[in-house]
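Protein chains in written order, with the working numbering: chain P, 1 to 235; chain Y, 1 to 206.
Incorrect hints may appear among the rest.
Said to hold, decoys possible - In silico lysine-lysine, DSS-like type, Cα no more than 25 Å apart, as pairs:
hint, chain 1, residue 1, chain 2, residue 2
1, Y, Lys196, Y, Lys54
2, Y, Lys54, P, Lys36
3, Y, Lys196, Y, Lys66
4, P, Lys36, Y, Lys196
5, Y, Lys66, P, Lys36
6, Y, Lys124, Y, Lys196
7, Y, Lys54, Y, Lys66
To be verified - Chain P stretches covered by chain Y per the calculated footprint, using a threshold of three residues with CB under 8 Å from any CB of chain Y:
hint, segment
8, 44-55
9, 90-102
10, 215-223
In short, the hints are calculated from the structure, not lab data.
Beta carbons: idealized from backbone N, C-alpha and C, even for Gly.
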Amino acid sequence: MMGGLVPGPTQAEGSSVNGIHDMGGMHGFGPVEVEKGEPVFHARWEARVFGMSLLAALRLGGTLDERRHGLERLDPVTYLRNGYYGRWLARLEEDLQERGVLRPGELAARLEGRTIRADSPPSLPVPAREAKHPFLRPIDRAPAFAVGDRVRTRNHQPPGHTRLASYTRTRRGVVARVYPACVFPDTNAHGAGEQPQYVYAVRFEGRELWGESAEPRSCVYFDCFESYLAPDEKT
Amino acid sequence: MSAANRHSDEPAELALRVEALEALLREKGFLESAHVDAIVRRYEEEVGPLNGAKVVAHAWVDPAYKRRLLADGTAAIAELGFGGPQGEYLVALENTPTVHNVVVCTLCSCYPWPVLGLPPAWYKSPAYRSRIVREPRTVLRELGLELGAEVEVRVWDSSSEVRYLVLPERPPGTEPLSEEELRSLVTRDAMIGVAKVRAPRTGSHG
């Protein structure tokens, strides 16, 4: 299915929670289809979009969380129809327009052989020098949880970006690993600061996630930011 | 991008669109096509599962390295020269006769680029992302990996910036093989956790 790869509309800011990207546990997508001898890129345009996106990320200096949120704001039909690099292209065009590198209608005009007269030179941001770690941020408090602690995920449904998947909300698990403090995506995706916090790999038993339909001896380890978690009082 | 700006659903139109976009960005001085070329070449030719295979084979033959890999994956892959985007905090997960690890990213398609390269289409597919967390045994069976009832299946959903690499079991009968020969046995799929590493036919007694 190759149709419909041209970027479609994006939803209003802040409507990504419970979006189509949050697909863990969904039914209806059919078998996993494996392509033998798959190339790294299936078409030259995919490779160009990949390369341009990496360069644009350096030049525009936004955060990975903002870029993920940009993908999540694609409308569900476009998200599924466009595929991985089609989504990257939609986001790339959106980012370039938001930052004033591309004028509205400029690409469309180019495709029709027209040129939009530039009133002023395009505003090209100065590349930011990235000296710090992309996401690790040491903080001066201790982790709230330790390996073996019983925890429960909150019913966390913020209006914008989050990395707590819907299938892991309000579930009981056990802390399996404690990771260093990291930039918090829920705020960092919205220009509300890095607000670093500890991350925990939490083990959720299959039965806790999927009830009677769970497969035997199966579990999911899900990385949870500290504020997604509460102590599980019930023992 | 508004709906009114959509032109066509044809892949050929899409190729033209990307070409036009690159030309515009080049003319604006925003990027140089040679830099795009360099990135593409790097991910087509240098950054791929051969890197991960070096890590795995080295861990199989060097117990001290294996301990370091399991304790601090980021530092251990750096010893072999690997690191960079999507591999800044790497964790290796050891498969054993009773524990099988498999990796997914249900929310997008996070993947340990420096050791595995860019993810295959199936890893990014809605089918894999939606199903592997709910029915891992069924999905693995469909992909050709039947796990015994005694084996615990652990699915790791890459929801933070931590990236996971599966350290597969070294197949029996491979004791005489050199590290270089072992490397050639290690597949991408085994390092994602949807396959096991198989011994070569000639070296197998089974």
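Hints, one by one, checked against the model:
1. Y:Lys196 - Y:Lys54: Holds: Y:Lys196 and Y:Lys54 sit about 16 Å apart, inside 25 Å.
2. Y:Lys54 - P:Lys36: holds, 22 Å
3. Y:Lys196 - Y:Lys66: This hinted pair holds, its Cα atoms lying about 18 Å apart.
4. P:Lys36 - Y:Lys196: Holds - the C-alpha atoms of Y:Lys196 and P:Lys36 are around 17 Å apart, at most 25 Å.
5. Y:Lys66 - P:Lys36: violated, 31 Å
6. Y:Lys124 - Y:Lys196: holds, 20 Å
7. Y:Lys54 - Y:Lys66: holds, 12 Å
8. 44-55: holds (count 10)
9. 90-102: holds (count 8)
10. 215-223: holds (count 9)
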